[in-house]
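Whenever a hint applies, use it, and build me the whole structure from the sequences.
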Amino acid sequence: MIEIINLTKYYNQNVGCKNINFKVEAGEKIGFIGPNGSGKTTLIRLLMGLLVPTDGTARIMSKTISDNDFHKIFSDVSYLSNAPIKMNDFYVADVIETFRKLKNSSTEYVDYLIKYFEVETKKLMEDLSYGNIKKISILIALMNKPKLLILDEPTSGLDPLMQNRFFTEIKKLSKNGMTVFFSSHILSEIEDFCHRIIFIREGTIVLDTPLSKLKERTHKIISIRNHDSVIDVNGLSLVEKQLAKEIYHFNGKMPDLLETLIKRKVKDFTIEDASLSDMVEMYYEKGAS
Amino acid sequence: MNKTLFLLDMKCLKKTIIVGSSILSLIIIAIWLFVYFTSKDVSADTFHVDYQYILVKVLSPIAIFMSVYIGRYVYSKYHSFQINESIYTTELSKRVHFITHILSAVFAVAIVNTMTTFTIISISLLFNAFTLRLLLIQLCFLIGLLSAVFIGQMLIVVMKTSGSSTWILSIPLVTYVYNTISEIVKGLDSRIIVILNRIFKYIDFLSFFSIDLQATSISRMATINFFHMMILFVVSTILLMSSFTIFRRKELI
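First to last, the protein sequences are chains A and B. Per this note's numbering, the very first residue in the first sequence carries number 1; after that it's consecutive. Per this note's numbering, the very first residue in the second sequence carries number 1; after that it's consecutive.
Since the hints were made in silico from the structure, they are not lab data. Mixed in with the good hints, there may be bad ones.
[To be verified] Within a straight-line C-alpha distance of at most 16 Å, the following computed EDC-like cross-link-like pairs (lysine to aspartate or glutamate) qualify: (1) K147/A - D67/A; (2) K14/B - D69/A; (3) K72/A - E91/B; (4) K77/B - E216/A; (5) K11/B - E97/A; (6) K253/A - E216/A; (7) K11/B - D94/A; (8) K101/A - E91/B; (9) K175/A - E3/A; (10) K263/A - E216/A; (11) K29/A - E169/A; (12) K11/B - D89/A; (13) K220/A - E272/A; (14) K94/B - D67/A; (15) K3/B - E91/B; (16) K3/B - D94/A; (17) K3/B - E97/A; (18) K213/A - D273/A; (19) K145/A - E91/B; (20) K172/A - D192/A; (21) K245/A - E272/A; (22) K94/B - D212/B; (23) K15/B - D192/A; (24) K94/B - D69/A; (25) K63/A - E25/A; (26) K250/B - E169/A; (27) K63/A - D50/B; (28) K147/A - E91/B; (29) K14/B - D256/A; (30) K215/A - E169/A.
Right, here's the structure in full:
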């Protein structure tokens with residue numbers, strides 16, 4: 001579906017992204033994460049042919065930007081930009097209808113999306129809030145039921161109800177085999193939706209792994225309540241001590257830990273996976289190791 | 001050409017077309033109302049000379065400014081709409097985008113020209129002064145305006161969309177200012193003035209119309225240099241078409 005080989009983009013002397021390599025197979029759901037200015041949007045724009053790479057190749061559905069028929073991919077590819085549409089003088093209905101025609105989308109599905117996202121079609125675009133404009137952008141991105149959906153910060157500005165509806169709809173579409181490439185700062189939604197995570201930092205990919213493997217590789221969070229004695233197990237480190245609760249990060253062998261907890265007669269404890277947010281923090285701050 | 005994109009362009013241009021054609025037509029009407037109420041003679045023999053004089057001295061700065069604006073508008077408009085990313089990620093090829101925007105601009109200028117043609121012909125009929133020469137002037141006027149549109153469009157195409165493109169509008173303004181002061185420096189035989197005159201002759205998209213009210217015969221008072229006009233039109237068309245090679249490889253945001 002997507003193949004990126006040594007993709008590099010410079011803005012004069014500044015690096016947009018450098019030597020990026022990865023592949024995305026059909027049906028995958030990729031979470032694309034990185035701090036501000038790390039090169040996420042640059043990479044997406046290179047993929048969409050909106051920017052020209054300094055070096056390397058970005059191939060989508062076996063076509064590259066230099067191919068004469070590159071535009072044909074957009075019958076099966078949709079892109080949601082992070083920039084809200086500002087067609088202030090236009091009515092919402094006109095904007096939707098223009099894009100419906102440009103994307104050859106079915107009227108039935110567009111009407112369904114209008115009702116589903118509660119879009120007010122009779123208003124002028126300039127009278128809409130940021131969140132409502134975002135709903136129109138989402139509607140435009142989804143209207144052609146793409147095989148590949150590329151999302152750049154899709155839920156920013158949406159209220160929780162609409163976020164929920166958005167995820168319900170893309171989950172429904174992805175059940176039919178839609179591939180999703182999802183750039184976001186909201187890690188909980190990536191954790192819920194994506195199977196694979198790609199971290200980008202300072203224009204280079206620092207991690208590309210299935211979410212399940214990432215969880216295996218990173219620490220567990222152990223919370224122990226109402227216990228006084230010090231617990232000493234290889235791989236266990238105390239990170240926070242509260243009045244009746246101690247929080248540890250554990251990176252060792254689980255049977256050893258459980259044996260020690262039983263020996264010490266610890267009765268009230270929980271073991272959790274580190275959240276994606278913890279993992280990201282680790283990669284943002286320390287880099288890949 | 002894509003019909004939907006063309007209609008979107010026309011919606012964007014609607015205000016400019018209405019304002020542009022209204023201003024030009026109202027100026028024409030106002031001038032002849034003034035002529036009528038001040039009881040000046042309106043002669044069928046010199047009607048086209050009067051119109052060409054008004055066209056060169058009054059209408060041309062506005063019309064050229066409007067044409068360059070129309071030529072420039074679409075790419076910068078889509079950028080300010082923040083729909084570049086959405087509109088260039090549809091199934092339309094860059095060739096379709098390019099051709100559609102050219103046709104939109106041509107159509108817009110043609111509407112403005114048709115409105116002024118309608119106005120001047122109506123007035124000429126009122127004064128019993130209609131001649132086919134008026135239609136010829138209007139046709140040449142349209143070709144001049146199209147040259148301005150093409151140059152405006154070519155310049156915005158070769159520039160980066162996100163960059164400022166307002167300076168393009170300075171071309172008709174500089175031309176207008178030079179035309180104004182050229183009368184003053186006409187007598188000076190300086191080499192620089194001669195070179196400047198030649199340069200501006202080709203930047204001013206209506207410089208093929210010339211007026212000499214001191215000419216000995218009416219036919220020499222208002223002349224049209226068709227060769228100059230065709231060079232302007234052909235060169236601007238070639239420049240615009242050549243800019244497609246840049247547009248194909250251009251970063252669109």
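Hint-by-hint comparison with the structure:
1. K147/A - D67/A: 20 Å, violated
2. K14/B - D69/A: 32 Å, violated
3. K72/A - E91/B: 5 Å, holds
4. K77/B - E216/A: Cα-Cα ~50 Å, so violated.
5. K11/B - E97/A: The hint holds at about 14 Å.
6. K253/A - E216/A: 12 Å, holds
7. K11/B - D94/A: 10 Å, holds
8. K101/A - E91/B: Status holds; Cα separation ~11 Å.
9. K175/A - E3/A: 22 Å, violated
10. K263/A - E216/A: 25 Å, violated
11. K29/A - E169/A: Distance ~14 Å between K29/A and E169/A Cα, so the pair holds.
12. K11/B - D89/A: Given that 16 Å is the threshold and the Cα spacing comes to 10 Å, the pair holds.
13. K220/A - E272/A: Roughly 6 Å separates the two Cα atoms, so the pair holds.
14. K94/B - D67/A: The hint holds at about 12 Å.
15. K3/B - E91/B: Holds: K3/B and E91/B sit about 14 Å apart, inside 16 Å.
16. K3/B - D94/A: 14 Å, holds
17. K3/B - E97/A: Judged against 16 Å, a Cα distance of about 13 Å means the pair holds.
18. K213/A - D273/A: 12 Å, holds
19. K145/A - E91/B: The given pair, whose Cα atoms are some 14 Å apart, holds under the 16 Å limit.
20. K172/A - D192/A: OK: K172/A and D192/A at ~14 Å, within 16 Å.
21. K245/A - E272/A: 15 Å, holds
22. K94/B - D212/B: 46 Å, violated
23. K15/B - D192/A: Distance of about 48 Å is beyond 16 Å: violated.
24. K94/B - D69/A: 10 Å, holds
25. K63/A - E25/A: 15 Å, holds
26. K250/B - E169/A: Cα-Cα ~35 Å, so violated.
27. K63/A - D50/B: It is violated: about 60 Å lies between the C-alpha atoms, which goes past 16 Å.
28. K147/A - E91/B: 14 Å, holds
29. K14/B - D256/A: With Cα atoms ~76 Å apart, K14/B and D256/A exceed 16 Å; violated.
30. K215/A - E169/A: Not satisfied, since the Cα-Cα distance of roughly 27 Å exceeds 16 Å.
Taken one by one, the earlier hints fail for this structure at numbers 1, 2, 4, 9, 10, 22, 23, 26, 27, 29 and 30, listed in ascending order.
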